[in-house]
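Visitor: Once you've looked at the hints, dock chain B against the given chain A.
2 protein chains.
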Amino acid sequence: MAIKLYYDLMSQPSRTLYILLKSLNCNLELKSVDLRKGEHYSEEFTKVNRMQRVPVIDHNGFVLSESVAIVKYLSRENIIPENLYPRESRLQARVEEFLEWHHVGLRLHCAMYFRVKYMDPILFGRKTDERQIASYERRMVSALEDFNSKWLGRGTPFIVGESVTVADLFAATELEQPRMAGYDPKEHFPVIATWAQKVREFFPHYDEAHVILNKVIAKQSKTSKL
Amino acid sequence: MAIKLYYDLMSQPSRTLYILLKSLNCNLELKSVDLRKGEHYSEEFTKVNRMQRVPVIDHNGFVLSESVAIVKYLSRENIIPENLYPRESRLQARVEEFLEWHHVGLRLHCAMYFRVKYMDPILFGRKTDERQIASYERRMVSALEDFNSKWLGRGTPFIVGESVTVADLFAATELEQPRMAGYDPKEHFPVIATWAQKVREFFPHYDEAHVILNKVIAKQSKTSKL
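Sequences listed follow chains A and B, in order. Sequential numbering of the first sequence, starting at 1, is according to the UniProt record's numbering. Sequential numbering of the second sequence, starting at 1, is according to the UniProt record's numbering.
Excised from the complex, chain A in its bound form (with noise of 0.2 Å):
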């Protein structure tokens, strides 16, 4: 069964669905969407998403938008293992519990960091004021800090119990993103740091999935050094 991804790695999201995906057994048909040149307003994508974000799939005409909602979709179709997403209905709430608290107790501040500090200079050629930035990036360390010690660090290694799964891919490349505004939270939590190389060593297409991204922090780190 054949699936398109519409996809831009440079959005968390389009990341998770492009690690999953790649690493299934499924006819995967990558169909880029360039943020940056605003293609997802373009009157051909809209007609695919009214809502005009990425990622979105059409899995045999079906079109889904929605990360979570196109990974439970998938998990039901037996696109996404069990392993991966459980299928047992308490473990499977689990999951789910850390999914619907990830939108706004970690993307959020982890994203708007992200935004004010690296891309609205860019998109608006002006620097934020720093009192802004220091204000989000609170915000954001004490999101980190709820993840670090309410989500991991309760004795076992992933955020449901002994093995990996979708919740752990979804909050790593959340995770990835304040790094090009200058912000690893691995250098700033152990626990999380841990964490991270285990999500990172399971997902085969992890690092591929993160190669503009970190080129683009490559880039900064040089800039930053003249």
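Because the hints were derived from the structure by calculation, they are not lab data. One or more of the hints may lead you astray.
Since the list gives no way to pick one copy over another, a pair counts as held whenever it fits inside one copy or between any two copies.
Pairs of lysine to any residue residues, derived as SDA-like cross-links and limited to a Cα-Cα distance of at most 20 Å, are as follows [said to hold, decoys possible]:
| # | residue 1 | residue 2 |
| --- | --- | --- |
| 1 | K150 | Y41 |
| 2 | K37 | V211 |
| 3 | K198 | M51 |
| 4 | K150 | F45 |
Guide: Leaving out everything else, chain B in the frame of chain A:
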């Protein structure tokens, strides 16, 4: 089977679960947690939910937070009926697509407007800057425009087709919140007004869950007329 619901009717997702669970034939035990008294920070409640938030359920000893995860779980357990949470995979995906979008697409903006305009002055004893309120209002109105045209206004009376689902109830309780800060979405969007009335009529416990909220609004309107 007994379900304990920890809730506060000032919390939007608490109202959603209160309305849903009261309308079903389940053995419901209501456990009020007064957010205004800070009861969610108590040692007793932190033992129930380390995230210190409501709503939470305890279903025969299984404690679960995050309203959307709770509703999914109760649907799998056949406590929420199929008409409100579809079992067919693609229809279920449509409901979940909305639920995942609504966290940051709708809820965040309605909640932040309520917080900065209504709650912050009560909590911190100072009026929020008018320009800041206007900026939060703009973001909320933009979210309401998306909701009005991209989720409603597509030729069917409800978010997912011809009948009410949990998606409608989640959205409706969120849209009540900014009314306490003086903004009623129904007064600005006729499509939303028609839809909201249908959702309200569908659930027998809708008004009961909004008694406290409506009292706050009546008091506000009285004060503003003095």
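Visitor: Indicate, hint by hint, whether the structure satisfies it.
Guide: Now for the hints, and whether the structure bears them out:
1. K150 with Y41: between (38 Å within a copy, 15 Å between copies)
2. K37 with V211: within (19 Å within a copy, 49 Å between copies)
3. K198 with M51: Answer is neither: 34 Å inside a copy and 25 Å across each miss the 20 Å cutoff.
4. K150 with F45: between (39 Å within a copy, 15 Å between copies)
The earlier numbered hint that this structure contradicts is number 3, and it is the only one.
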